[in-house]
Amino acid sequence: MANNAKHYEYSVNQVPPPGHLLMSSIQHVLLMIMSLSLPILFASQINGTAEFAASLIAFSMLAAGLGSIIQSVGLPFIGCGYLCPNLCGPSYFSVSLSAAWAGGLPLMRGMIIIAGLVEMAIAPIIQKLKKVFPTFIVGLVMAMVGVSVIKASITSFFGLSFRDDAIQSVDIFVGMFSLMVMVLANLWGKGFVKMYCLLIGMLSGWILALILIPEYWHNLAAIKDFPIFAMPAIGPEFKGITFDFKMILPFVVIGIGGSLKSFGNILVAQKISEPDLKEPNFTPIRKGLLADGFSTVLAGLLGGMAVDTSSSNIGLAGATKVVSRWISVGAGVIFVVLAFFPKFVTILSMMPKPVLGASIIFAGSFMICTGLQEVFSEEWNPRKTFVIGISLFFGLSTAFLPGLYARAPQLIQTFFTDPLPTTTIIAIVLNQIFNFDIVLGNLKNKN
Amino acid sequence: MYLLKKSNLFIISPAILLILVIFISGCNNKHEDLDLTMYKYRDTKDLVNFVYDASLILKKEGMKSLAYFRNNRKLFNTPDYYLYIYDMKGTNIYHAGMENLEGKNLWNVTDKNGKKITQLVLDALDDRNNPHAWVHYSWWEPGKFYSVPKSSCHFKVETPEGKELFVGAGINYPHEEQEFIRIIVDDAAQLIEDKGREALADISNPVSKYNYREVSVFAFHPDGELLISPAINSTFSQTNLLDCTDEVRHKPFANAIKKLESADGVWEVFMAKNRYQRNLIKKCLYVHKSIMAEKEIYVAAITDLPEPPY
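Taken in order, these protein sequences are the chains called E and L. If you count by our numbering, then the first sequence holds residues 1 to 447, one letter each, in order. If you count by our numbering, then the second sequence holds residues 1001 to 1310, one letter each, in order.
If you are wondering where the hints come from, they were derived from the structure by calculation, not from laboratory data.
Sample of chain L residues facing chain E (criterion: CB under 7 Å; computed from the structure):
hint, residue
1, TYR1041
2, ARG1042
3, ASP1043
4, VAL1248
5, ARG1249
6, HIS1250
7, VAL1269
8, TYR1276
9, GLN1277
10, ARG1278
11, ASN1279
12, PRO1306
13, GLU1307
14, PRO1309
15, TYR1310
All figures in this text were calculated on a predicted structure; none of them were measured in a lab. Ideal placement from N, C-alpha and C gives every residue a C-beta, glycine not left out.
Work out the full structure, taking the sequences as your base and the hints as a guide.
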């Protein structure tokens, strides 16, 4: 660790001084807040009341906050022990909505618990699959974690709230400004400026948006009636937990996809926290996946939306070289406390979309490049070319041509969902097939 | 060459922002009295702002502003929409996109489906339930040969000379705003209360304002029996709406009626299939109470729900 300390402002186990701990935690919270748009959208799409929306947000924040603490605080059997906060998982949104329509919130809660249990069950299996994850596939998974945030980041960067809506030049300007401040503060800044480059970029972008776009002023003015402190109300919607056998398959598929995403996230967190490791250490990864599944179960029990590990926050840690896990714990504590202060949460969730988009691009760039460096870190051969090339072709096609897969046979639709899980599954399978001759040769030599 | 020190940049940037704040805070927002909260899409809000701005010019400058509009056609003919001005008898006074229409009376002009567009606009301008006078029809783009679906908004203006005109603009391939169906359903509910059973024929008339694109107003009894069908205007199949379920076995009509116990109009979201999309798509139903022959009935319409951007 002494060697690691040279690379960082604050290394993984180092506790920053209180001021820096608070500032860094706030910086991460600002990035986590963006996922609260999901419970807001969810409540509006099932025609929930304002009170229902407020409670859903509060319970989701509690689950994400507690999940972040469990993931990073360093418990003996659970949690990866890296800076790896939790937030509401976008991949769960669509299936959660289907469950809520079919059987209300009780069914959504039940099915989220099932997805969480699936993730927990996968955790020990992934450790056993160590051999199917050579370094170049680990790198590919890491890069795809970054790729998986492209849609969210770019649509936010252009200020879009709804599909196919108009893009305004002023939003692009605010997004560009914010992104440039973040990047230049990171490249040219030192100490405080470098460490809080994202915070500086976000605040300056937010101020610029308030100046240039009157809509944001109007939105802020609307929150004057929100209470400063409020306990989440447990309305009739939040009572009971039910299950539906017919909904198990989509939730199992999402649970597996969520595990693969968290696997990639924790791998990146490990890479940036312990760069001297020669190969992945699967023990913290197993514990991290267990914590991820447990947090999802917790979200279902509490009545919040399913949670997931946050790629953007890990990217931010890598970019700022501040990787102390205590910051993740701090961010988790702030998230839990904020759940009881709706006024502040509403203000923070009104951060202009282009600024949010810029933040995710900033953090995602780091994820993609760290992954690519890992892919090409060892000696290359034609087998790897085809494993990576073919898996990328099909994996990325799920994002480029989503309509194509809507008409594909059901089996293909089940496995070809998003770039990250599709690329990972194809790469693992192809790597086994293309190296079959070597495995066979090794067996013969043994005999 | 003088180069700024990098550290100075971080001090100068907030100062520049502060100056901008002071500058901007001194500016007036001309759209302050225009309520656009009912619209979800920016395209729609931009269009209403565009027409409203033009109406302010016309209201202030009167007929002499026509010279300004004519000399600056490019300003009022954007890639998305163009401005037009008519008198209340349907004579075109100014058209930013189709100059050849100026001076012509379009009172009886119909779209390809037979909708009398100018007359619908004048009705909409008198409808208090339709504050931006929305009209939906088919039109064509200048210089093109195929029809396009269009939604237009309008403002009535009284010029300083005392002339009554209306100014408007429409957007091609418009987004389906929920507000559009609220307007026609509420209007249909009122029409039934005013005219009784006779109103049903007007509402189901395909060239009336109650039917546009894929949207059509329908009506039903509290037990789910149809008065006007949402899908096929025929009696060969008797559907009971209360039994209808969506793709996830949710009963939108039964649910909406439960909610109507405590409201006059309610929204209900449901899921539908679209074979070109992997996931189910969200649609919404708007139902409003009405009275026909002293009995409560329901008037409704269905539209698309805005999808998240990704």
